[in-house]
Amino acid sequence: MFKAIVSAATLRDALDSVSVLVEECKIRLNEDGLAIQAVDPANVGMVDLSLDSEAFESYEADGGVIGVNLSRLEDIAGMGNAGDLVHLELDEETRKLHIRIDGLSYTLALIDPDSIRQEPDIPDLDLPAEIVLEGTHLDRGIKAANMVSDHIALRVDESEETFHIEAEGDTDDVDLELTRADLIDLEVGPAESLFSLDYLKDMNKAIPSDAEVTMELGEEFPVKLHFEFAEGLGQVTYMLAPRIQSD
Amino acid sequence: MFKAIVSAATLRDALDSVSVLVEECKIRLNEDGLAIQAVDPANVGMVDLSLDSEAFESYEADGGVIGVNLSRLEDIAGMGNAGDLVHLELDEETRKLHIRIDGLSYTLALIDPDSIRQEPDIPDLDLPAEIVLEGTHLDRGIKAANMVSDHIALRVDESEETFHIEAEGDTDDVDLELTRADLIDLEVGPAESLFSLDYLKDMNKAIPSDAEVTMELGEEFPVKLHFEFAEGLGQVTYMLAPRIQSD
Amino acid sequence: MFKAIVSAATLRDALDSVSVLVEECKIRLNEDGLAIQAVDPANVGMVDLSLDSEAFESYEADGGVIGVNLSRLEDIAGMGNAGDLVHLELDEETRKLHIRIDGLSYTLALIDPDSIRQEPDIPDLDLPAEIVLEGTHLDRGIKAANMVSDHIALRVDESEETFHIEAEGDTDDVDLELTRADLIDLEVGPAESLFSLDYLKDMNKAIPSDAEVTMELGEEFPVKLHFEFAEGLGQVTYMLAPRIQSD
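Protein chains in written order, with the working numbering: chain A, 4 to 250; chain B, 4 to 250; chain C, 4 to 250.
Simulated from the structure, these hints should not be mistaken for laboratory data. One thing to keep in mind: the hints can contain errors.
The list cannot tell twin chains apart, which means a pair is met if one copy fits it or any two copies do.
[Said to hold, decoys possible] Below, computed lysine-lysine pairings styled on BS3-like, alpha-carbon distance capped at 30 Å:
{"id": "1", "residue 1": "K146", "residue 2": "K208"}
{"id": "2", "residue 1": "K99", "residue 2": "K6"}
{"id": "3", "residue 1": "K6", "residue 2": "K204"}
{"id": "4", "residue 1": "K29", "residue 2": "K204"}
In isolation and in its complexed conformation, chain A is listed as follows:
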């Protein structure tokens, strides 16, 4: 059983943060809210999303799992204005999701969850450095790195107490230095890892520009990026595997 009402904006934010990695996903319809875990086909990027039942106007579910095509569902959510309410109701028999927005009814055929890639086991890493920064700073660093390379290094300078977003190109280099004054928070620790810029660009697209991003970082370890949406009732954690420096 699943029956819920949610604003089009909240639904879109939730879907967007998953669709940058995968085309299809399983949605767990837990009693206390929705949960999605997914990993991209190359096993490089993972997402762990939860949307609390309190983020909904109304929410009833008893623990089922549905499989959805994300771009299809995003298109439907896009038929409403940000404040419009989206009514969702699962028809258990036909395995279709009935969606209503302001007079418009959409019947979405679901995907067999067993045909969707296994949900990842997101490891509980204890990473030595934590950087809390504005989404706009991360965005600027990614744009700059993109001018010279398709890799990006994230690094904490322990003695200077600065965080660096860097890239080395064939001829040119960039370095965005963020000091304690630029950052919201910084826990220094040995941290420097190289990542695929394409993945980070995709993840960054889903981060609202006014979001606070919490980044956990180590030495040649995956990075974790955490941010909230829906006034804190929605939580997204991305994990991105590092590139080997000697590449």
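Chain A is already provided as a structure; the job is to place chains B and C on it using the hints.
Here is chains B and C on its own, set in the frame of chain A:
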């Protein structure tokens, strides 16, 4: 003889509603205003446009016919701001149309009207249902249908007194239900027909978003769409042939 | 030695006016400001740019020459908001330009100036007519000409005291007539020349829409276009070779 002055916005609105169906058309330069009738190459969509002489700043004509390339004429009208006046004058000898907008002179070679597809004979159908709705509602239904199919059904539910814009895809369905409260006016009658979405999308492009659209509908009959522009002095009627339901 | 600070907007305006003609250029780092002269690969269009040291927040240079990739440098300048200050510093040993904008450091590899096309010798022509007009008028004439041809004629009518931007297409013609009242200034003289529209379109892209353009024109002679940026502290002169009328 033809000599007229009209605002760039009115001229553009008139041309746009015809150019969604055909590239070239005949313009009848009647004493009481312009008239255009055209049918697309596949004989599926027709347009009947009239622009009253009172929509012009000044207007003199004696019943000639000219052939024009619509996109060329639209480009020229686009060289003026909405309120700019466009001066049109036919040179009968050279068969060229002299166009002036704010210091810019354009000499447009006309097309031999005999080389343009015959104007259609738009049938005077007496269709059982009439729906008057806001252009934005039609637009929303078309966008929704476009997510799942390349056909669109228009239907009146006589008992519920509702109008439906529907589409059935391979897996998903959509249905935009408009009640009497959503509609400007509704005359119920047996009405359900299927249409090519591409044509309706094109026609919809030419309908101003703030326009009232009057739709006449029957059972497996053509649909007629009527709207006004130029403060009611311009009239457009589209007619679109139905698809056979068993397709 | 070269060390300077300049607003991102001023730097972008300077680079844009050169990059419409060439991909790489030499920048002369004179004591009193920057200077760039360049000619396109076909030897048809030339640009002569100077940016006074007073246009900078701070400026120190002693007459060196550097070679740069313009689109790369434009991308970097684009990383700042219009009012952001760009810090430029030349490392003579490594032949790299260090660029800083608001925490972002960029190390730009320079190009050997000897590998860049020779700077042109811009001839000091004494042309008989001079037209001073708003950039928006030139823009309108170019757009109109572009509808019918890939050539454009610039012409002064000495008896009418008007300036004409004209184009003849295979079937259609356009003529934008600007009278003394439309122009900022006009010195009449025998002047009519035909130009490649592509070049003029590119040059026009770099002319700010609120700029005054001074045009010097003769009979089958090159045209000179002059405008200012950075509140008059930056100067650009384009020279464009004529097409032979009998083409």
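Quick rundown of the hints versus the structure:
1. K146 x K208: both (11 Å within a copy, 25 Å between copies)
2. K99 x K6: within (12 Å within a copy, 62 Å between copies)
3. K6 x K204: neither (34 Å within a copy, 33 Å between copies)
4. K29 x K204: Answer is within: at 23 Å inside a copy they meet the 30 Å cutoff, but 34 Å across does not.
In this structure, the one hint that does not hold is number 3.
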